[in-house]
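Chemist: These protein sequence lines map, in sequence, to chains D and E. Residue numbers for the first sequence follow this note's numbering, so the first one is 1 and each next one is one higher. Residue numbers for the second sequence follow this note's numbering, so the first one is 195 and each next one is one higher.
I should point out that these hints are in silico values taken from the structure, not numbers from a laboratory. Quick reminder that beta carbons are idealized off the backbone N, C-alpha and C, glycines included. A few of these clues could be false.
As the list claims (entries may be wrong) - The calculated BS3-like cross-link candidates involving lysine-lysine, where the alpha carbons are at most 27 Å apart (straight line), are:
id, chain 1, residue 1, chain 2, residue 2
1, D, Lys183, E, Lys292
2, E, Lys304, E, Lys292
3, E, Lys275, D, Lys114
4, D, Lys168, E, Lys292
5, D, Lys168, E, Lys275
Said to hold, decoys possible - Heads up, incomplete: computed chain E residues facing chain D, CB under 7 Å, no partners named:
id, residue
6, Glu245
7, Gly266
8, Asn272
9, Ser273
Spelled out, the chains give:
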Amino acid sequence: MTDSERPARTGKGRVFGLGALTVAFVLGIVFWGGFNTAMEWTNTESFCISCHEMYENVYVEYQDTIHFENRTGVRATCPDCHVPKEWVHKVVRKIQASNELLHKALGTIDTPEKFEAKRLQLAQNVWRTMKKTDSRECRNCHGYDYMDLTRQGRRAFDQHVTGLDEGKTCIDCHKGIAHRLPKMPDNEQVSLAR
Amino acid sequence: MNKTAALTLLLACMATALPGTLAAQMANPLRGQAAIDQTNRVHDFKPMMKEQPPLERAYVQQPPVIPHQIDGYIINANSNKCLTCHSWENYRSAKATKISLTHFRDRDGKELSNVSASRYFCNQCHVPQVDAQPLVNNDFTPVDALNKH
Chain D
1 MTDSERPART GKGRVFGLGA LTVAFVLGIV FWGGFNTAME WTNTESFCIS CHEMYENVYV
61 EYQDTIHFEN RTGVRATCPD CHVPKEWVHK VVRKIQASNE LLHKALGTID TPEKFEAKRL
121 QLAQNVWRTM KKTDSRECRN CHGYDYMDLT RQGRRAFDQH VTGLDEGKTC IDCHKGIAHR
181 LPKMPDNEQV SLAR
Chain E
195 MNKTAALTLL LACMATALPG TLAAQMANPL RGQAAIDQTN RVHDFKPMMK EQPPLERAYV
255 QQPPVIPHQI DGYIINANSN KCLTCHSWEN YRSAKATKIS LTHFRDRDGK ELSNVSASRY
315 FCNQCHVPQV DAQPLVNNDF TPVDALNKH
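Let's have the full structure, built from the sequences with the hints guiding it.
Modeler: Written out as structure tokens, the structure is:
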């Protein structure tokens, strides 16, 4: 048979095909919506602190900081700083989070002593990621180009101006802004001077 | 005048003076206008002062007061936020006051190569300031060495 002789879809066959397509389309929306809802549910502070490792360590420390409670009430919660907002980067981070699920199952940091032992390594992981992305998550809210430096104090003004000249990124100086600092190796202090 | 009369006179003076002073105190108490049995609502809560040039000391050995806000600055066994600007290695780039050499001495007088543990917790001696005037007048003047005039 040649192409011109092949019977076309007619009558019931045609409607059935269209119907299946519509159903598939609607189901696709439902499942995609479900997938995103589940992913966004893991993207909330309440989800993060449902693990006691997070609640008793980093969440308690974060409660004393300006990102938790401040003059204006504008806050940053766990995903705002630790999960990228762009979809592709977010999904990549979510896949990397399976490592966190593994360590939750292994109980790697499930006591305060274990957590302190790992604090430096965990902090360095976050700092490394932020440095690599030029503090992308900080810039979700803090736009350097929109910072009115004249309204900052003397110290902030000096450091932001010289920092820009030296090509620094937010995390270079603002370590420990939300959680306590680890003990640095060789008794080195975390400092502004690099 | 005999003892009884003198005593009576003294008591009479006190009796007239006492309500007067009491009234004076009650009219403008330092604790505010609320009655003794009522909760005193703080209405002029003073925030810590923002950054300013270093403040004058009242005594030569006085730990200088902190002329900036220190909200959220943590000092613990892992890290000392103050030293990120005030240590000998960092003070130049941070344009801050250097931590004094006296902080490198332990309590036996031995000179150490880094900040002594007895001087590590800055807030035991150094505090930030609030823009508040003394509640009670005082005319203290520092020694000539500190006196600008």
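Chemist: Would you list, in rising numerical order, the hints stated earlier that this structure does not obey?
Modeler: Failing hints: none at all.
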